[in-house]
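There are 2 protein chains.
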Amino acid sequence: MPTIVVDVMPKAELLDPQGKAVAGALARLGHEGFEGVRIGKRFELTVADASEETLAAVKVIADEILSNAVIEDVVGIEVAP
Amino acid sequence: MPTIVVDVMPKAELLDPQGKAVAGALARLGHEGFEGVRIGKRFELTVADASEETLAAVKVIADEILSNAVIEDVVGIEVAP
Numbered sequence: 001m002p003t004i005v006v007d008v009m010p011k012a013e014l015l016d017p018q019g020k021a022v023a024g025a026l027a028r029l030g031h032e033g034f035e036g037v038r039i040g041k042r043f044e045l046t047v048a049d050a051s052e053e054t055l056a057a058v059k060v061i062a063d064e065i066l067s068n069a070v071i072e073d074v075v076g077i078e079v080a081p
Numbered sequence: 001m002p003t004i005v006v007d008v009m010p011k012a013e014l015l016d017p018q019g020k021a022v023a024g025a026l027a028r029l030g031h032e033g034f035e036g037v038r039i040g041k042r043f044e045l046t047v048a049d050a051s052e053e054t055l056a057a058v059k060v061i062a063d064e065i066l067s068n069a070v071i072e073d074v075v076g077i078e079v080a081p
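In order, the protein sequences belong to chains B and E.
For the first sequence, position 15 (counting from the first letter as 1) is numbered 15 according to the numbering used here, and the numbering increases by one without interruption.
For the second sequence, position 40 (counting from the first letter as 1) is numbered 40 according to the numbering used here, and the numbering increases by one without interruption.
Simulated from the structure, these hints should not be mistaken for lab results.
Just so you know, not all the hints are guaranteed correct.
Heads up, the list lumps identical chains together, so a pair's fine if it works in one copy or across two of them.
With a cut-off of at most 16 Å between alpha-carbon atoms, the simulated EDC-like pairs for lysine to aspartate or glutamate come out as follows [to be verified]: (1) Lys-41 / Asp-16; (2) Lys-11 / Glu-53; (3) Lys-59 / Asp-49; (4) Lys-11 / Glu-44; (5) Lys-41 / Glu-52; (6) Lys-20 / Glu-78; (7) Lys-59 / Glu-32; (8) Lys-20 / Glu-52; (9) Lys-20 / Glu-44; (10) Lys-20 / Glu-53; (11) Lys-41 / Glu-72; (12) Lys-59 / Glu-13; (13) Lys-11 / Asp-49; (14) Lys-11 / Glu-32; (15) Lys-41 / Asp-73.
Chain B with its partners taken away, still in its complex shape (with noise of 0.2 Å):
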């Protein structure tokens, strides 16, 4: 059955907390050249049919259910190859 992937992520002028500690361990650990890390979620929807239907409802359940407008972007949704 196909796979229908969304990527959500915090907004870019928010601070991610996580993703800091994240930056800050992998200099700590001595791994250079990262300027920064962000940490967001990927949803993997496993559909009947990914139809330009099934695209549609995915594209107002990523904005209304997946993601926190205030807070997130959803910044990709696409069928899985």
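Guided by the hints, dock chain E onto chain B, whose structure is given.
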């Protein structure tokens, strides 16, 4: 600066209660045709350069720091377009 995206998902053979809750909510709210939902993480690493060495370093970091190999799989590492 280039961004490298690392996707981490719970292993397929493990339960994902968070995803199950979302799948239940979708059904309750009248969205049909969704067979399952799984929720993982999306890391965006901002790097000074997206060279082969950086990508190799990110692969190690993804396996050792960003994911827990007992319960999660790294399902994707790619330079964001």
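Hints versus structure:
1. Lys-41 / Asp-16: This pair counts as both: shortest intra-copy Cα distance 13 Å, inter-copy 14 Å.
2. Lys-11 / Glu-53: neither (28 Å within a copy, 29 Å between copies)
3. Lys-59 / Asp-49: within (15 Å within a copy, 33 Å between copies)
4. Lys-11 / Glu-44: The answer is between: 12 Å across copies meets 16 Å, while 21 Å in one copy does not.
5. Lys-41 / Glu-52: neither (23 Å within a copy, 26 Å between copies)
6. Lys-20 / Glu-78: Answer is neither; intra-copy 28 Å and inter-copy 21 Å both fail.
7. Lys-59 / Glu-32: Intra 37 Å, inter 14 Å, cutoff 16 Å: inter-copy only.
8. Lys-20 / Glu-52: neither (38 Å within a copy, 24 Å between copies)
9. Lys-20 / Glu-44: between (25 Å within a copy, 11 Å between copies)
10. Lys-20 / Glu-53: Close neither inside one copy (38 Å) nor across copies (23 Å); limit 16 Å.
11. Lys-41 / Glu-72: This pair counts as both: shortest intra-copy Cα distance 10 Å, inter-copy 14 Å.
12. Lys-59 / Glu-13: Classified as neither: same-chain Cα gap 23 Å, cross-chain 28 Å, threshold 16 Å.
13. Lys-11 / Asp-49: neither (31 Å within a copy, 23 Å between copies)
14. Lys-11 / Glu-32: Neither. Shortest intra-copy (25 Å) and inter-copy (29 Å) distances fail the 16 Å Cα cut-off.
15. Lys-41 / Asp-73: both (10 Å within a copy, 14 Å between copies)
Checked against the numbered hints given earlier, this structure breaks hints 2, 5, 6, 8, 10, 12, 13, 14; the rest are met.
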